[in-house]
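A.B. asks: One letter stands for each residue in the lines below.
Number of protein chains: 2
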Amino acid sequence: MRSCILSIGSELLDGSVVDTNSAFIAGSLSHYGAAPDMIRMVKDNRKEIISLFQSLSKEFDVILTTGGLGPTFDDITAECLAEACGVEVSLNEKAYKHMKERLERAGVTVRDEHKHQSMLPKGCSLYHNEKGTALGFGMHLNRADIICMPGVPVEMKTMFLDEVLPVLKEKFSLKEIIYKDLHFLAIPESDVDAVIRDLKISCETECIINAGSGKVVVKLRGNNNQEIKNISERLSSYFKANYLGDNYTDEAKLIIDLLKEKNQTVSFAESCTGGLLSEYITNISGASEVFMGSVVSYDNSIKQNVLNVPEHILKDYGAVSEECASFMAQGVRNLMKTDYSVSITGIAGPGGATDTKPVGLVYIGVSHKNNTEVYKNIFNGDRYQVRMRSAKKALYYLLNMIKEN
Amino acid sequence: MRSCILSIGSELLDGSVVDTNSAFIAGSLSHYGAAPDMIRMVKDNRKEIISLFQSLSKEFDVILTTGGLGPTFDDITAECLAEACGVEVSLNEKAYKHMKERLERAGVTVRDEHKHQSMLPKGCSLYHNEKGTALGFGMHLNRADIICMPGVPVEMKTMFLDEVLPVLKEKFSLKEIIYKDLHFLAIPESDVDAVIRDLKISCETECIINAGSGKVVVKLRGNNNQEIKNISERLSSYFKANYLGDNYTDEAKLIIDLLKEKNQTVSFAESCTGGLLSEYITNISGASEVFMGSVVSYDNSIKQNVLNVPEHILKDYGAVSEECASFMAQGVRNLMKTDYSVSITGIAGPGGATDTKPVGLVYIGVSHKNNTEVYKNIFNGDRYQVRMRSAKKALYYLLNMIKEN
Chain A
7 MRSCILSIGS ELLDGSVVDT NSAFIAGSLS HYGAAPDMIR MVKDNRKEII SLFQSLSKEF
67 DVILTTGGLG PTFDDITAEC LAEACGVEVS LNEKAYKHMK ERLERAGVTV RDEHKHQSML
127 PKGCSLYHNE KGTALGFGMH LNRADIICMP GVPVEMKTMF LDEVLPVLKE KFSLKEIIYK
187 DLHFLAIPES DVDAVIRDLK ISCETECIIN AGSGKVVVKL RGNNNQEIKN ISERLSSYFK
247 ANYLGDNYTD EAKLIIDLLK EKNQTVSFAE SCTGGLLSEY ITNISGASEV FMGSVVSYDN
307 SIKQNVLNVP EHILKDYGAV SEECASFMAQ GVRNLMKTDY SVSITGIAGP GGATDTKPVG
367 LVYIGVSHKN NTEVYKNIFN GDRYQVRMRS AKKALYYLLN MIKEN
Chain B
7 MRSCILSIGS ELLDGSVVDT NSAFIAGSLS HYGAAPDMIR MVKDNRKEII SLFQSLSKEF
67 DVILTTGGLG PTFDDITAEC LAEACGVEVS LNEKAYKHMK ERLERAGVTV RDEHKHQSML
127 PKGCSLYHNE KGTALGFGMH LNRADIICMP GVPVEMKTMF LDEVLPVLKE KFSLKEIIYK
187 DLHFLAIPES DVDAVIRDLK ISCETECIIN AGSGKVVVKL RGNNNQEIKN ISERLSSYFK
247 ANYLGDNYTD EAKLIIDLLK EKNQTVSFAE SCTGGLLSEY ITNISGASEV FMGSVVSYDN
307 SIKQNVLNVP EHILKDYGAV SEECASFMAQ GVRNLMKTDY SVSITGIAGP GGATDTKPVG
367 LVYIGVSHKN NTEVYKNIFN GDRYQVRMRS AKKALYYLLN MIKEN
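Chains as they are written, first to last, in the numbering used here: chain A, 7 to 411; chain B, 7 to 411.
No wet-lab data here; the hints were simulated from the structure.
Fair warning: there could be bad hints in the mix.
Since copy identity is lost for identical chains, a pair holds within one copy or between any two.
Stated by the list, open to error - For lysine to aspartate or glutamate, the following DMTMM-like pairs were computed, each having C-alpha atoms within a straight-line distance of at most 20 angstroms:
{"id": "1", "residue 1": "Lys363", "residue 2": "Glu107"}
{"id": "2", "residue 1": "Lys49", "residue 2": "Asp81"}
{"id": "3", "residue 1": "Lys186", "residue 2": "Glu94"}
{"id": "4", "residue 1": "Lys49", "residue 2": "Glu212"}
{"id": "5", "residue 1": "Lys225", "residue 2": "Glu182"}
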């Protein structure tokens, strides 16, 4: 299957929007050993899009487009596809009904201008949009199946995985290659790299290391099941304390599952992370069974009055201190009556540093019954990175305490 | 100046890496009204890269490439450019000296394999790399200047802004254009679109609408100062309640500045958003002056015991109700002794819906002294979108209440 991705939208060529859709589609296809041969971005320019449909359809079996499916004047993908194929656009009743239902549900009055979005090439096939108003559509031209999806990432992702990929798999007999991702928490990339080099992986198996968002992901791909199994086992046992486990890609999900199993609960007290840790855990559906809540104690008065951090602790040691982190963790655990609790207090920057307390200094407390532990960290990076790394590290400490109990 | 960007690297076509370089270059060029006409990604494939250099150089005045300049076997940009231009590669002494100095400073022993990186096309021009080891280089082919930069974003950005852009500005007499972005909150894209259509904007001024993250951004570019001013004024007065204001791109920042000015404070009570609203405001440096803190009252016991929502309210109306939202807002305002407060309670999904309460139903309360208002919303989208839209809408309500007081 020779395929290309066409990302449509002037906003991509003036730098207002980074195209993440292509990487998602490319990544999904590469699970089947069918990475696209070309990715190209094109402006909302009628002549150019039509000419691309015509020329690329002679070169590729599949052309996947994203963008230009919305209701506004610069959304012209459907018109261009119709013209390239030599057909008219007309109001597609099924697409219109879907859009109308969605809009009305959101309380938007459907006006005549909205019809523009449902004017699709005559004879096109349709792809359901579970997450938005614009259905996807496809036409066959020259040797190519041209399939047009929305540009909104969440809409495109669901449509691609649930509607488009199954069609491609069937038509081109795509078979999944063996694909294993190993997630490691709180460890430098170079440590993992050194161990991988020693493993002397054969050229049959592709191995990629990605670091980011406070973790290292090792991606293994190929067809040699035994080698991939061996590498996975070696790495996961070598970095046992850091390995997230075979079926998990998210530490918050693992925490929730472990707590559910034990019928236990957790609460958080956040200062410099300002709600980010709570956001990470509540991002997972099902969090409500184990996560009771949290206090974002941004101001010291909240630490004192809501979390019961003693005034003298704040005065003597300051809010960014081991002592304060310890009282915050215990305070929120008592307030919310949970089995576990986590506290974070630190300096995210750019302001707030002192001679003895640099930007990036973060104390993280984890508490369970009579055992409260506080860890001192100094994180690199800007405000966003310090906050993100603090919240991720807190999940790591919590996970380890849950495993130990 | 007709230009294109070529992002070189197999990792871009298997989805392991999102190409952010192109958007950066495109954004910088569009400030000069010279957005690229094409962005294209290509694998580390010798034949394909050479053929692209040859064909694109007939079509464009400038070809900017990123990637493939490093020391490893799959870094082949220089060889390909040389072959396309019909010249040899040879060891470039200046490039080698730069690399050697950088590596030695970092304590790396320079080996013979490192020379590969300094084998450049004979007769090429050089571009300094302030942040890394690989110099950029350029050749002229057919009508095009081909300029090759490294793929590491921080190296590319500095090289492009300091070395490449000045050359392009000079050669193509690029002049900065007028550039105005208008941000509108809590409004459907189609409403803004309808008004823009009525304005009958001339083709002198480019107008792009982007929707996302709960807001609509209208981008105006051109050289007709008067027209851009007129459009800005018409749009901002037409959507007065939704317009963010001339110097703001972030509603949280505006809220912080308005509260600072009035010497007032705010606190939040979050249920379904689970900390996201707090995260939005604490993401801005300086939030600590006005944001006291928040309670993430995920479990009903926290709503009752920490926020003092009466038990009978939870029993009679449920946690997702106008009444509960009202008590939550007042509860957190009393607890944290703030001038304003916001509460959010709803069903983010995918679970939790009932016959009368669908996924996406969210009550948002805003409270100030004796005035507490609750707004009912039904948001479309998945869990993430419902949470994001709820938090963004809450900022909008808060902003309006602050403006009114």
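A.B. asks: Hint by hint, say whether it matches the structure.
C.D. replies: Going through the hints against the structure:
1. Lys363 <-> Glu107: between (56 angstroms within a copy, 18 angstroms between copies)
2. Lys49 <-> Asp81: within (11 angstroms within a copy, 30 angstroms between copies)
3. Lys186 <-> Glu94: neither (46 angstroms within a copy, 37 angstroms between copies)
4. Lys49 <-> Glu212: between (33 angstroms within a copy, 13 angstroms between copies)
5. Lys225 <-> Glu182: within (15 angstroms within a copy, 43 angstroms between copies)
Hint compliance for this structure: hint 3 alone is broken.
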